[in-house]
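What follows is the residue order along each chain.
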Amino acid sequence: MKQILINGKPQEIEEGASLLVLLLNNGQPTQRHSVSGANRCGICGMGICFECRVTVDGKVVRACQTGCHEGMEVWTDAR
Amino acid sequence: MRAEVAIIGAGPAGISAARAAARKAQVLVLDDNLRPGGQIWRRNPLLTALPENVTLKTRVRVLGPWQEHSLLLETPDGPTILDYDRLILATGARELFLPFKDWTLANVIGAGALQALIKEGWNIRGKRIVIAGTGPLLLAVAALARKQGGKVLRILEQAPANRVLAFACQTALYPSKSAQAISLGFGAFQNYRTSSFIVEAIGQDRLSAVTYQDGDKRYHVDCDIAAVGYGLIPNNELAGLLGCRTREGYVVVDNDQRSTVANLFAAGEITGIGGVEKSTIEGEIAGLRSTGQCADHCSRQRDRSWQFAKILEKNFRLSPALKNLATDDTILCRCEDVSFGEVKQFHDWRLAKLQCRIGMGPCQGRVCGPAFSFLRGTGSSNVEPVPVRPPVFATHLQNLTPKQKL
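So the sequences go chain by chain: A and B.
Quick note on this note's numbering: the first sequence kicks off at 1 and runs consecutively.
Quick note on this note's numbering: the second sequence kicks off at 80 and runs consecutively.
Bound-form chain A, shown alone:
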């Protein structure tokens, strides 16, 4: 069973699946907070809006254009 860590918690994954979809299916629609602190989620699903950005292994990426890979460490609420 392949796993990644989301905010420190282990999570089962399908290799290569969209990270944004994984977060959504986990019931986690909010990926980050805006500059004034409001909950935000990705709105475009295609790499345009940057609202779904998360930190993966120390790098800020767009969750919608990131595939899940075993051992990945994901932190939501990227800046």
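I should point out that these hints are in silico values taken from the structure, not numbers from a laboratory.
Among the hints, erroneous ones may be present.
Once the Cα atoms are required to be at most 27 Å apart in a straight line, the calculated DSS-like pairs of lysine-lysine come out as [what the hints assert, rightly or not]:
#1 Lys9(A) <-> Lys59(A)
#2 Lys198(B) <-> Lys2(A)
#3 Lys2(A) <-> Lys136(B)
#4 Lys136(B) <-> Lys59(A)
#5 Lys59(A) <-> Lys482(B)
Fit chain B to the known structure of chain A by using the hints.
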């Protein structure tokens, strides 16, 4: 990296261009998504199969022009330079988002976004969904959502009924399109409203309901997801930086899909919104003509797809009423949390940007720029492009200093 023919975008236009060009040249196709197919062929490996002399690289982003005939790329292995002889831009389109009260709530997404995320595996079984905005895409999204077990409560089309009907009649001349529209339409008819739009999203930490306007009346619907898209706009940023002439945001091309810049071709939605048929045929022409092959047999089909594009444009023109959806406290720029009230005194994008930081966040005005143009523009529904600066996408500073050519 080197390519005789480099193609940016692996959607229908890019894939079709690659197949045509591959008969005469070594071809490289780049796309920033996880997989090829663009939006419409997302996760459809059958349609994106490519000949042997085509190299496809996904998760690669073009950051901008580098030198003459070269581009700066961001790849999973770091930045690199691509030298090309001929370049075909097939960068596609994105959705136009128009702000309304509390549209920043979680689970308010684009209509095309809902389609893309369902194709990527978002489980929407049992979710109550309102689809809104404009164009035939709404029906396609509704059909897909329903097939995947979503409860589509309303489909709200901003265009009036006579326009939608005119579209249906005029496209009856285009067999595949009309059959598609009608089969999608019947299933949706009961929940389909014209001259209607969402005026407010309601919820605490995420969406729980929307209010929509239908004629003079307002209605409240409890829902889990609102998928709202006001049509498509071209991803013309790279074309603009390369110096291509544009008209109303679309890249100007001749009958060979040549742009106004030497050795640079453009195909698909960036030359005009017309759907998959137009993209495919334009891609084929660009692929053929960029490699010195004849494309005369394609012109009739291209002309037909352009007629469809015009019918689409004419009938789903945006209502000026949509300009009133944003109130003073409505967020316009989601990256910097700039409200409409802060920028409404400005007609000029640059001035608004300098004064309020609108468009200065990670998306670089991709979402708020077109909305600003629509809300502040002089035309009733013109969506004029806002000026773009390199890099095409926000990136890490280290990506702007490539160490070596791969």
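Each hint, compared with the structure:
no.: 1; hint: Lys9(A) <-> Lys59(A); verdict: holds (18 Å)
no.: 2; hint: Lys198(B) <-> Lys2(A); verdict: holds (22 Å)
no.: 3; hint: Lys2(A) <-> Lys136(B); verdict: holds (25 Å)
no.: 4; hint: Lys136(B) <-> Lys59(A); verdict: holds (21 Å)
no.: 5; hint: Lys59(A) <-> Lys482(B); verdict: holds (20 Å)
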